[in-house]
Amino acid sequence: MHTILAKTQLSPNVTRLEVAAPRIAQIRQPGQFVIVHRCAGAERIPLTVADADPAAGSITLVIQAVGKSTRDLVAMEPGEAIQDVAGPLGRPTELITSGHALCVGGGVGTAVVHPIAQGLHRNGARVTSIIGGRSKEWVIFENELRRFGEVVVCTDDGSYGRRGFVTDAAREALAAGGIDVVYAVGPVPMMRAVAELTRPLHVHTIVSLNPVMVDGTGMCGGCRVEVGGETRFACVDGPEFDGHQVDFALLADRLSAYRDFEQKANACAEETCRIGRH
Amino acid sequence: MSAPISVKQRLQISRQAMPEQAADERNHNFGEVNLGFTEQLALLEADRCLRCRDPRCINGCPVAVNIPRFIDLLSAGDVAGAAHSLLGDNTLPAVTGRVCPQETQCEAECVRGAKGLPVAIGYLERFVADWARQHADQLPVAKPAPTGKKVAIVGSGPAGLTAAGDLARLGHDVTVFEALHKPGGVLLYGIPEFRLPKQIVDQEVERLKQAGVKIECNVIVGRTYTLPELRAQFDAVFIANGAGLPVFMNVPGENLKGVYSANEYLTRVNLMAAYEFPKADTPVLVGRRVAVVGGGNVAMDSVRTAKRMGAERAFIVYRRGKEELPARLEEVHHAESEGVEFELLTAPVEVLGNAQKWVTGLRCVRMALGEPDASGRRRPVPVAGSEFVIECDQVIVAIGTRANPLLTATCPDLKLNRHGNIEVDERGMTSVPGVFAGGDIVRGAATVILAMGDGKRAAQTIHEYLMPAMTKPVNGEGAAASLCAAVAGDRVHSL
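Protein chains in written order, with the working numbering: chain W, 1 to 278; chain H, 1001 to 1495.
Simulated from the structure, these hints should not be mistaken for laboratory data.
One should not assume that every hint holds.
[Unchecked claim] To spell it out: a stretch of chain W is covered by chain H in this simulated footprint if at least three of its residues, at any positions, have a beta carbon under 8 Å from a beta carbon of chain H; those stretches are: (1) 42-48; (2) 248-254.
[Stated by the list, open to error] No more than 20 Å apart at the CA atoms, straight line, and that leaves these computed lysine-lysine pairs for PhoX-like: (3) H:K1149 with H:K1209; (4) H:K1357 with H:K1257; (5) H:K1257 with W:K264; (6) H:K1008 with H:K1115; (7) H:K1198 with H:K1209; (8) H:K1279 with W:K264.
Glycine included, each C-beta is placed from N, C-alpha and C at the ideal position.
This is chain W alone, in the form it adopts within the complex (with noise of 0.2 Å):
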């Protein structure tokens, strides 16, 4: 059992859980995830692990509450217990540990770029944080992201930081010049966007894919993804891939398999709730 021992809401619908798992916490690295299953007849859901507290045996989950097994997540307290957290999984971040590194977060995905801030900052690299949201009170990992180096806000509508998408900022920036690697983690279409700017300009571009997946461990396939013209499990081979090799749109169309299931999760969970046996 991992005890939940805080919780934070970050923005709206993402909320920040400080978990009990000290061996995860020990040993994790950037880029690794874990699979949380938080009581039978629940789903295992992939969570990268945002950050680490190795003294206190902790390991942050950052989570946007989209359907009904994230809302349950969300809906714990502290003092509550999750009842399978397994892991590490997934292939450590390629890091740099010279030069100029971008990073560039979209929505929830800031979080998954931290702990690659972390380890860069860490290596001795150069950090250029991007990272954006709809409006102010999206945005996340702002000053955490800041210990490593200069950060740069945007919001689509101007609320905070600079007005536009992290598209742009990072357009910018590459523009500039002087960025050796790019690691962009968000929504597809954001992902896309940003290795289709570094593409011509040649710049390594790592980005975090977030497929459906059942165990975690290579098992199901359910993960699988196209990497230049290969398919790949992200569980195991992933979940970062060179950014240019990746086929977004198949991936997009992959996430949305289950669409008519949420929606009946979604329905169904109401309803019980009207019912009031919650």
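Use these hints to put chain H onto chain W, whose structure you have.
Frame of chain W, contents of chain H only:
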């Protein structure tokens, strides 16, 4: 208790049929298909055993169950004695009594098979094992003197659980590490409820826990701990993590929505209980017309599951003929009677999809059997101009699995074969001293019982490795050699 009966009388009893759910009912539910012998049926069937002086059935059993002994005790009305005898030979009899291919093992050796039908050994095993599950209180768990030796087992599937049970019985301190959130491995995520109720796996695991076996879930060896880390903490390690990586067909359209590996499809339905969605949170896509590619037990499990999930039509697409289907005979019969359609001598060439990238069909080619290939089976060759389309909205790929490199990648010292399977010597020991391996990670995808056979042998050789003074009073250079000889001799005897 019945009076002794003559061989002639025994010969006059015909094989008792397994009571089962009606085919047109069971293909709509997940309840167990085979309902089990009643005591009356079991006693009648037990009387069919001729009590051979030199019983060959034992040689047909990969874990060498003393079949005549438990049948004899059962006949004598001593079910507890039969259970005790069976459990002494076989850690998971309620499982093997349900999923073993008896027709190629014990029952293939039964002398009664020469003229007529063999004794239904599997059904009797199941009967005794089920009695044992229901009367656990009458079967005291032995508490052997601790040896002080610690053994780690990687994987809680059939090989791991069998080794765990046998090692605990020998007094070793056993910890089983499981990657998923529940122990059982393929027994849990792979084999469907209608063939092996999950409650049975839970009960078998519970019995092992009572015997002192510790089980730690959510530990992925290769990630949570490396193999060298485990080796440093334990006196011996047994790797039984299975052949976890699904193989895909490598044809166009395989990443369309509606294409599943059998592993994913069965895991969603079995382990995650997706058939209860939305009561369970994990969904599974429901096909109206489902094509399952492959002819083994996993393919039969998938196609029969698809029927139960509501498929109007479900097909087995297999590139060889009916004779070559690797599945257990009973599974093929059950699938046929449940309305599964067989497209034999047929190989897929492309998965077809619509503009929204959902599966709409499976383009196939007919095959003919040519010259025997390396496996000795006749090689299927495509028939020119025979392409056709099976209209379907779901394709399940059940053509096998490979070794998962997650663990082996963290231990370069571990010698692998060209398929990525771990190489072991005649003791079942890997190239790393004190690290043993068995089951599918060594063999490639095989059966539950062969994995259990490996687990049983590994437990014995691990015991000999840990307690050389107790098991073989030899010293120096000769020890390993004579140990090998002893084990080799034992294998000849038990196989």
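Now the hints, each set against the structure:
| no. | hint | in the structure |
| --- | --- | --- |
| 1 | 42-48 | holds (count 3) |
| 2 | 248-254 | holds (count 3) |
| 3 | H:K1149 with H:K1209 | holds (17 Å) |
| 4 | H:K1357 with H:K1257 | holds (6 Å) |
| 5 | H:K1257 with W:K264 | holds (19 Å) |
| 6 | H:K1008 with H:K1115 | holds (14 Å) |
| 7 | H:K1198 with H:K1209 | holds (17 Å) |
| 8 | H:K1279 with W:K264 | holds (11 Å) |
No hint from the list above goes unmet by this structure.
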